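Undergrad: Okay, here's what each chain looks like letter by letter:
2 protein chains.
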Amino acid sequence: MKEFDFIRTLKKLSPLPWERTVGNDSAFFKLKHKRGLISKDILLEDQHFFSSIPADALAYKSLAVNISDIVSDGGTPRAFLIGLGASSNHFSILSALFESLYKYARQWNIPIIGGDTVYSDKLLLSITCLGDAPQNPWFRKNARLGDYLYITGTLGSSAWGLSKIPTLGHELSDPHIKRHLYPPLYLDFPSLFKNKIHAAIDISDGFYQDLTHLLEESNLSAVITPETLPLDPSLPPEAKNTALRGGEDYELLFASPLAPSSRRWPPNLQKIPIAPIGKIIN
Amino acid sequence: MKEFDFIRTLKKLSPLPWERTVGNDSAFFKLKHKRGLISKDILLEDQHFFSSIPADALAYKSLAVNISDIVSDGGTPRAFLIGLGASSNHFSILSALFESLYKYARQWNIPIIGGDTVYSDKLLLSITCLGDAPQNPWFRKNARLGDYLYITGTLGSSAWGLSKIPTLGHELSDPHIKRHLYPPLYLDFPSLFKNKIHAAIDISDGFYQDLTHLLEESNLSAVITPETLPLDPSLPPEAKNTALRGGEDYELLFASPLAPSSRRWPPNLQKIPIAPIGKIIN
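One line per chain: the protein sequences are A and B, in this order. So for the first sequence, this note's numbering puts the first residue at 1; every next one is plus one. So for the second sequence, this note's numbering puts the first residue at 1; every next one is plus one.
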């Protein structure tokens with residue numbers, strides 16, 4: 001068996017249609033309207049994840065970070081393409097990885113419609129996510145004067161979890177490590193906040209840097225009330241010092257014309273904690 | 001300077017909007033209708049190309065093979081996403097590579113709307129091409145009883161060219177090597193043959209194998225007239241023996257209800273040689 005054949009074998013075992021969905025060269029998709037959003041992330045062994053990462057966590061994270069890119073523009077994820085690079089060294093992780101990729105694709109109702117597989121010494125995932133674009137995408141540049149700034153969830157746990165992996169391994173009973181490996185997903189967010197958000201960004205580079213991205217693109221400034229920033233309360237003091245610079249929180253920072261006390265806030269937000277942190281100024 | 005910074009520097013030099021086109025997390029696109037086609041190919045140094053490949057040839061080929069996937073389903077390519085993995089060892093090729101990627105994107109009017117860059121020891125290109133889907137895509141499974149089979153261009157030169165690279169290098173004055181590095185592009189093909197083709201496939205795995213794909217998917221058979229197969233006449237006898245098994249010709253094999261003598265053949269085909277090679281039977 002050629003070193004490559006086992007990838008083909010795995011593809012044939014896939015429970016959902018893999019590459020060449022409809023027996024064609026490219027994958028076919030349909031959007032709700034003519035407008036779409038597309039995101040693409042490459043994850044490479046030893047660069048973006050440790051070789052010892054559990055297959056399930058790798059599958060979850062690689063899909064979730066792409067979903068997050070679509071959601072933070074107000075879009076609705078519709079389909080994945082999975083580019084895989086692997087060698088026979090990865091045989092032990094590959095079948096579990098595929099199983100989890102398909103598990104989450106099913107769970108979130110975002111089918112895997114295509115992709116490509118190649119031989120690669122380092123495990124490589126190149127994932128593309130296609131989504132429906134809303135009428136008014138929450139582009140970074142769209143924040144407006146007077147908008148309120150909000151953050152979902154808490155900050156800092158992911159970076160702290162990452163720093164613990166070299167000593168503790170991928171210990172999922174540790175809440176910070178788990179938080180790093182399983183970033184939050186806000187799949188319903190765009191439909192709940194439709195037309196209620198002007199600009200959004202997912203906090204993947206750290207709060208300071210991502211806030212800067214949003215403000216620079218919008219050509220505006222902000223006043224932030226530091227004590228309102230939702231740091232993870234379970235962080236030790238040494239982690240709190242760098243929590244706002246740490247990355248990979250994948251929480252949403254967004255600018256909305258709705259005041260915190262507005263009656264127009266969407267109902268059914270119980271599961272999504274949202275903290276007001278400041279305002280957009282000139 | 002971190003080893004990664006130079007990639008960011010290059011991105012800023014790009015003549016066309018690169019990643020985050022409209023200042024957002026995902027890239028925004030519009031289709032003609034709600035139906036789209038999407039293809040994805042990963043090209044990895046030492047696996048899919050020699051390290052010494054000229055930057056221009058790498059740019060051309062990596063884009064062309066994705067376009068070919070869209071075109072062979074009858075679609076019209078609309079946008080690229082470029083995933084790049086590189087290290088400082090690739091510095092010498094990177095700026096020329098970017099220049100050529102943008103040159104071809106401009107020339108073919110297929111903008112680069114997004115992507116991702118990562119650090120990678122091996123040069124890595126993960127390209128995604130988005131296209132408009134036609135009303136009736138030329139899926140492999142759609143061949144019909146009585147269809148005529150045709151092939152564009154000639155076969156065998158690419159595989160023969162590839163076999164010469166280890167001794168001659170990327171010698172572009174050699175027509176077979178050039179043919180391997182610059183596969184043909186049939187951008188106008190879908191509009192010329194709109195509704196005149198049932199099924200098509202680009203010959204990337206070799207004629208025998210790709211014909212088998214098409215017939216198996218369509219659940220039909222074919223009679224082929226061997227002497228009509230358009231082998232490249234400039235091939236030496238030893239290359240002719242394996243020309244129909246060689247790959248990467250990127251010519252189109254298609255099934256059409258139009259007879260070779262039909263008056264309904266599209267005009268303006270002067271530039272695209274097309275050979276009738278047989279018929280679809282039961």
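A few of these clues could be false.
For chains that are exact copies, the list does not tell them apart, and a pair is met inside one copy or across any two.
Simulated crosslink set (BS3-like; lysine-lysine; CA at most 25 Å straight-line) [said to hold, decoys possible]:
id : residue 1 : residue 2
1  : K30       : K141
2  : K196      : K279
3  : K164      : K271
4  : K194      : K178
5  : K240      : K178
6  : K141      : K178
7  : K194      : K240
8  : K271      : K196
9  : K271      : K34
10 : K271      : K122
11 : K271      : K32
12 : K194      : K34
13 : K103      : K164
14 : K194      : K30
15 : K164      : K122
In short, the hints are calculated from the structure, not lab data. The structure displayed is predicted, hence computed values, not measured ones.
Undergrad: Does each hint hold? Answer for all of them.
TA: The hints, checked one at a time:
{"no.": "1", "hint": "K30 with K141", "in the structure": "between (28 Å within a copy, 19 Å between copies)"}
{"no.": "2", "hint": "K196 with K279", "in the structure": "within (15 Å within a copy, 59 Å between copies)"}
{"no.": "3", "hint": "K164 with K271", "in the structure": "neither (28 Å within a copy, 62 Å between copies)"}
{"no.": "4", "hint": "K194 with K178", "in the structure": "neither (30 Å within a copy, 52 Å between copies)"}
{"no.": "5", "hint": "K240 with K178", "in the structure": "within (18 Å within a copy, 58 Å between copies)"}
{"no.": "6", "hint": "K141 with K178", "in the structure": "neither (33 Å within a copy, 45 Å between copies)"}
{"no.": "7", "hint": "K194 with K240", "in the structure": "neither (33 Å within a copy, 61 Å between copies)"}
{"no.": "8", "hint": "K271 with K196", "in the structure": "within (18 Å within a copy, 53 Å between copies)"}
{"no.": "9", "hint": "K271 with K34", "in the structure": "neither (32 Å within a copy, 33 Å between copies)"}
{"no.": "10", "hint": "K271 with K122", "in the structure": "neither (38 Å within a copy, 43 Å between copies)"}
{"no.": "11", "hint": "K271 with K32", "in the structure": "neither (27 Å within a copy, 38 Å between copies)"}
{"no.": "12", "hint": "K194 with K34", "in the structure": "both (18 Å within a copy, 21 Å between copies)"}
{"no.": "13", "hint": "K103 with K164", "in the structure": "neither (28 Å within a copy, 45 Å between copies)"}
{"no.": "14", "hint": "K194 with K30", "in the structure": "both (21 Å within a copy, 20 Å between copies)"}
{"no.": "15", "hint": "K164 with K122", "in the structure": "within (23 Å within a copy, 29 Å between copies)"}
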